[in-house]
Amino acid sequence: MPLKKIGDFSISYLQILNEKGVVDAKLEPKLSDDELHKLYRTMLLARETDARMLKLQRQGRLGTFGPGTGQEAAFTAPISAASDEDWIVGTFREPGARLFRGEPLSQYLAYFNGYEEGNTFDPAKRVLPMSVIVASQTLHAVGLAYAMQYKGEKDSAVITFLGDGATSEGDFHEALNFASVWQAPVVFIVQNNQWAISTPRKMQTRAKTIAQRAVAYDMPGIQVDGNDPLAMYQATKEALDRAHAGEGPTLIEAVTYRLMMHTTADDPKKYRSEDEEKEWWKKDPLTRFRVYLENKGLLDEKSHAALATEIKAYIDDEVKKFEAATDWPPDISFDHVLGTRHPSIERQRTAFLANLNKEAANG
Amino acid sequence: MAKLNMVQAINLALTEEMANDENVIVLGEDVGVDGGVFRVTDGLHDKFGEKRVIDTPLAESAIVGASIGMAMAGLRPVAEMQFSGFSYLSIPQLEGNASRMRARTMGKWTCPLVLRMPYGGAVRALEHHSESREAMYATIPGVTVVIPSGPRNARALMLAAIRDPDPVVFMEPKRSYRAFREEVPEEEEVRELGKAQVVQAGTDLTVVAWGAMMRPTLKAVDLIQKKRNITIELIDLLTIAPMDADTIVESVKKTGRCVVVQEAPRSFGASSEIVARINDDALLYLEAPVGRVTNYDVVTPYFGREMMYLPDEQRIARSLEETLDF
Ligand SMILES: Cc1ncc(C[n+]2csc(CCOP(=O)(O)OP(=O)(O)O)c2C)c(N)n1
Ligand SMILES: [Mg+2]
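Sequence lines, in order, name chains R and E. The first sequence runs contiguously to residue 363 in our numbering. The second sequence runs contiguously to residue 326 in our numbering.
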């Protein structure tokens, strides 16, 4: 018997605002001036936050962190397409997503300076704490989405972020499968920044696109110019609309680039060329977004300078706030082992405090 | 003799054994071109090529699962978990298959693989980069758990681990990676697994430690010896499981007093096992309860508070004195 074709698949690529800032008017999403302004401001804030954090880290005033520079459109624009009812389940390289939802920068800094106080953003804001175990958060997203369905919260979907490296973990594939089987309202956003530490994207998978992973799990998958904020907004919006309508999950591959080191402990010179980095700087999401806003008459030299000043002042304030908060109790870790106090642990708290006193007495 | 730090010493052992035995394969996340995030495998990719030094996709379970297949086909995989905190994703393969292959088949099949992992705290890193969970691995029969404390024993233990016929979890105290250098002999030196080392002999007190705790313990021991004009026997455990209780018991029979120092939380750790072994075989020789200096039973605090929880020289010294004064 002749082979019969039983499936036919294709993957689309979406770009709305090109590298030069030229917009495809047919595809241009209808964002209000305020929405556009908030999106640009948050992207710029994320960029400036990276720069400041890098300085603080080099001065020993902050711990290791992974800069998101270059990926601001990919991790910020999706949140501008969401409502406050939608959840954000991310990892450690989406400052713009968290800041957009209103997490104070001082808290973000506290996290990267080694304090759990940095994870105490109001749960009502629906932002899960950062997940450091690569890809593990994608399953939490599926569970949250199931819970939203179960509770009848039709206006709530879950946006989860992961990296290109993370797509190699079993957790990711299991999450796609669960989401598909349950038709759970999840939007998986893969920030394909071309690198997982030193491992290039082509060594994670032979597949031509990451978006095509969606095919195997029977969900919509799309590849998007991840440095194009309008395309990221639009793709996420459509995915959220489907999720809210009960039409299940979507996989979005955001093609972007990690312009800086993996973390401050990493040296990219060891494994990639500066020429490659230079090529990607030409695709900077902030540059093209600024041109777009200028062309729309929403931004000019003067108002941009004012915005930059406002952002700098905000960062200055938040750094001050973060550095002034030094009176956190040393034994607080004992408070949060379990919700119920147990004598076995309390006894150790007593020993811990007695030890601190002795160390203090001995200088 | 060359003065090497622990990173260089482990790198030396890997280089030597890869040159000795073409079945030795190194695999893991970023171990090739980058030479590992701590540079432990630096240069191996250039020397031995990408077929023997494999930059894998990001998947711990796959790294260990594939290592099992390689080992069963006669290769000697040395797999790296980038941090011990991510090694748990591979436990289904290690516990469920590697550790059982010999017992399951009554020795027809074995699983000689090494699972290397940096572990332990005090490096100001993010969550999951601080834990000391040697006890978790030590509870799995069929797995040897090794922890070097310095460059010289790291090199000698790594050679033994690669040649061992069974799975070895090789936990590297990352705090000690570049903390100090030691003379490492040019000629091959292999240190038998399953044996503790009496680092210095003494008659008044036995102290047992391992990994990154050896350095503060050594300092505390020096301090108290001088202060009290006594001698302390210091034992470096080196292999957590199977545990060399004989060396500890012999020492305790001699000194009658013992303190164990462990970086891990207090309960259900290797120190508990040591106390149990002393109880089994040397209880009536004891003149004081066995002292324990440990972390606490809390979820490891982020690095802002971490150092307050880890045993340090002062805390160890006080414990030595309490046990001596009992
Ligand atoms: C399960 C797990 N394994 C390893 C690591 C160490 N690690 C942290 S980030 C990273 C690379 C992640 O690459 P990718 O998913 O592309 O995200 P990116 O860092 O590029 O944002 C690795 C290997 C980890 N955090 N979790
Ligand atoms: Mg990546």
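Worth flagging that the hints you see were computed from the coordinates, not collected in a lab. Keep in mind that the hints are not guaranteed to be accurate.
Below 25 Å or equal to it, Euclidean Cα-Cα: the simulated DMTMM-like pairs (lysine to aspartate or glutamate) are [what the hints assert, rightly or not]:
id	chain 1	residue 1	chain 2	residue 2
1	R	K320	E	E306
2	R	K55	E	E306
3	R	K358	E	D42
4	R	K358	E	D222
5	R	K358	E	E306
6	R	K269	E	D42
7	E	K227	R	E359
8	R	K202	E	E50
9	E	K195	E	D222
10	R	K321	E	D21
11	E	K226	R	E359
12	R	K358	E	E321
13	R	K208	E	E50
14	E	K47	R	D266
15	R	K358	E	E16
16	R	K270	E	E306
17	E	K219	R	E359
18	R	K270	E	E321
19	R	K321	R	E117
A short list of chain E residues far from chain R (calculated; beta carbon distances all over 10 Å) [what the hints assert, rightly or not]:
id	residue
20	T15
21	F48
22	P141
Just so you know, even glycine gets a beta-carbon here, dropped at the ideal spot from N, CA and C.
> Is the straight-line distance between the alpha-carbon of K219/E and that of E359/R 25 Å or less?
Replying inline: holds (16 Å)
> Holds or violated: are the alpha carbons of K321/R and D21/E at most 25 Å from each other?
Replying inline: violated (58 Å)
> Can the restraint linking K226/E and E359/R be considered satisfied, given a maximum Cα separation of 25 Å?
Replying inline: holds (21 Å)
>> Checking one constraint from the list: CA of K270/R to CA of E321/E, max 25 Å. Satisfied?
In response: violated (49 Å)
> Quick one, are K55/R and E306/E close enough, alpha carbons at most 25 Å?
Replying inline: Holds. K55/R to E306/E sits at ~23 Å (cutoff 25 Å).
>> Confirm or reject: P141/E is not an interface residue toward chain R, with every Cβ-Cβ distance exceeding 10 Å.
In response: The assertion about P141/E holds, with a minimum of 26 Å to chain R.
>> With the threshold set at 25 Å, check whether the alpha-carbon distance from K320/R to E306/E stays at or below it.
In response: holds (23 Å)
> Taking 25 Å as the top limit, are the C-alpha atoms of K358/R and D222/E close enough?
Replying inline: holds (20 Å)
> When you check the alpha-carbon spacing of K270/R and E306/E, does it fall within 25 Å?
Replying inline: Judged against 25 Å, a Cα distance of about 31 Å means the pair is violated.
>> Holds or violated: K358/R and E321/E, Cα atoms, limit 25 Å.
In response: Distance of about 14 Å is within 25 Å: holds.
> Quick one, are K195/E and D222/E close enough, alpha carbons at most 25 Å?
Replying inline: Status holds; Cα separation ~24 Å.
>> Does E50/E sit within 25 Å of K208/R, going by the straight-line distance between their CA atoms?
In response: holds (22 Å)
Comparing the model with each numbered hint stated earlier shows that hints 3, 10, 15, 16, 18 do not hold.
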